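Enquirer: Once you know that position 253 of the sequence shown is 252 in numbering that gives the first Met the number 0, the rest is easy, because the numbers rise by one and skip nothing.
Bear in mind the hints are in silico, worked out from the structure with no lab data behind them. Computed from a predicted structure; not experimentally measured. Possibly wrong hints are sitting among the right ones.
DSSO-like, lysine-lysine: derived pairs with alpha carbons at most 30 angstroms apart [said to hold, decoys possible]:
{"id": "1", "residue 1": "163", "residue 2": "260"}
{"id": "2", "residue 1": "318", "residue 2": "282"}
{"id": "3", "residue 1": "318", "residue 2": "260"}
Cβ pair distances, simulated, as ranges [said to hold, decoys possible]:
{"id": "4", "residue 1": "102", "residue 2": "183", "range": "49 to 57 angstroms"}
{"id": "5", "residue 1": "61", "residue 2": "223", "range": "35 to 43 angstroms"}
{"id": "6", "residue 1": "316", "residue 2": "279", "range": "14 to 22 angstroms"}
{"id": "7", "residue 1": "68", "residue 2": "201", "range": "50 to 58 angstroms"}
Heads up, the beta-carbon is just placed ideally off N, CA and C, and yes, glycines get one too.
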Amino acid sequence: MGVLVSFCVLFLVAKGLAALFTNDDVAVGAWGSLFGFVLATLLAAYIARSLARPLSEVSTAAQRVAGGDLSARARLSPVTKSPMTIASVTRRTYLNWQSGETSRLLDDFNQMAASLERLEAERRATTASIAHELRTPLAVLQARLAALQDGLFTLDMSEINLLKQHTDFLARLVEDLRHLSLADAGKLNLTLETCDLAVVASDAVAGFRQRALLKEVHLELSTETAVLRGDPVRLSQIMLNLLENALKFSPPAGRIIVCVKAQNTTVELRVQDSGPGVAEAMKERVFERFYHSDTHGSGSGLGLAIVKQLAELHGGTVKLTDAPGGGAVFQVEFPVVVVSV
Numbered sequence: 000m001g002v003l004v005s006f007c008v009l010f011l012v013a014k015g016l017a018a019l020f021t022n023d024d025v026a027v028g029a030w031g032s033l034f035g036f037v038l039a040t041l042l043a044a045y046i047a048r049s050l051a052r053p054l055s056e057v058s059t060a061a062q063r064v065a066g067g068d069l070s071a072r073a074r075l076s077p078v079t080k081s082p083m084t085i086a087s088v089t090r091r092t093y094l095n096w097q098s099g100e101t102s103r104l105l106d107d108f109n110q111m112a113a114s115l116e117r118l119e120a121e122r123r124a125t126t127a128s129i130a131h132e133l134r135t136p137l138a139v140l141q142a143r144l145a146a147l148q149d150g151l152f153t154l155d156m157s158e159i160n161l162l163k164q165h166t167d168f169l170a171r172l173v174e175d176l177r178h179l180s181l182a183d184a185g186k187l188n189l190t191l192e193t194c195d196l197a198v199v200a201s202d203a204v205a206g207f208r209q210r211a212l213l214k215e216v217h218l219e220l221s222t223e224t225a226v227l228r229g230d231p232v233r234l235s236q237i238m239l240n241l242l243e244n245a246l247k248f249s250p251p252a253g254r255i256i257v258c259v260k261a262q263n264t265t266v267e268l269r270v271q272d273s274g275p276g277v278a279e280a281m282k283e284r285v286f287e288r289f290y291h292s293d294t295h296g297s298g299s300g301l302g303l304a305i306v307k308q309l310a311e312l313h314g315g316t317v318k319l320t321d322a323p324g325g326g327a328v329f330q331v332e333f334p335v336v337v338v339s340v
């Protein structure tokens, strides 16, 4: 429509110019048509060039992305205000059209490039975090074994227990990474069956109670029958990871409260600790891989990320809130009926 209006304007201008040089109506029409055709051809060439410009920008940016420059974006020079001339009217008509199809093309490409850049940044951060987590226990094992080899230490049970702690940590880290990589690839399959989340929670708490007593942390359990379709092994893993996290942040003589409730359409699991809580700005970050708080840097930093992955595989959600008397509350909700994963 904009091009048609521009052509009509150009034809009227050409016809007016022809009238200045002749009084013959036929000649005026002929010269007007000729001038209109010439000007319309120039206008079409200008529009074609304008249309090619954003496509050229996308092509250039795509070549840079293919070459490894993920910061490349397709951009057009901003529109500046100009006097109300035929050229400016034509350009603004074109830019109004461009804000539709061509603008969406540029936006879609830039969003794709931004996603690729973000994924690459996450990949590099993950690689660096894995290297960091592996370096400390491996360095300790290497140093202790070298000392034993040189006769500086005696190989007694305390030394064996220390070495075993570091190897256990490495084994857990590798297993956690395997779970997350399988979940990312969509290959972490669930063995779904009808189960009671209250039974899963009770078994997990019973197996964890001794560890809580060693730290003098009181462990409380409140459950009611909460039947759902889920994988009991993975649900137990969620429970144990949340208990591990709660025990890490709860001080001696603290308290951990585990609660299981059945709602109308959901089943709810709550684990509350008596730790310092989590700052509002950090509540979303706690579910990131390899995230460590400033005060408690122990652990692999993968436990809560696995909780989130497994909860979502069950069709559920997990969120972090503040406990009324201080501390953190992790709340996981599962649908009563789970669609196939």
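Enquirer: Run every hint past the structure and note whether it holds.
Expert: Here's how the hints hold up against the structure:
About 38 angstroms separates the Cα atoms of residue 163 and residue 260, which puts this hinted pair outside 30 angstroms; it is violated. Between the alpha carbons of residue 318 and residue 282 the distance comes to roughly 8 angstroms, so the proposed pair stays at or under 30 angstroms and holds. For a cut-off of 30 angstroms, the pair hint linking residue 318 to residue 260 stands: about 16 angstroms separates their Cα positions. About 33 angstroms separates the C-beta atoms of residue 102 and residue 183, a value inconsistent with the hinted range of 49 to 57 angstroms.
For the pair residue 61 and residue 223, the beta carbons lie near 57 angstroms from each other, so the given range of 35 to 43 angstroms is not met. Restraint check, residue 316 to residue 279: a C-beta distance of roughly 19 angstroms satisfies the suggested window 14 to 22 angstroms. Against the hinted window of 50 to 58 angstroms, the Cβ-Cβ separation of residue 68 and residue 201 comes to about 55 angstroms, which satisfies the hint.
Figure legend: structure checked against the earlier numbered hints; hints not met, in rising order: 1, 4 and 5.
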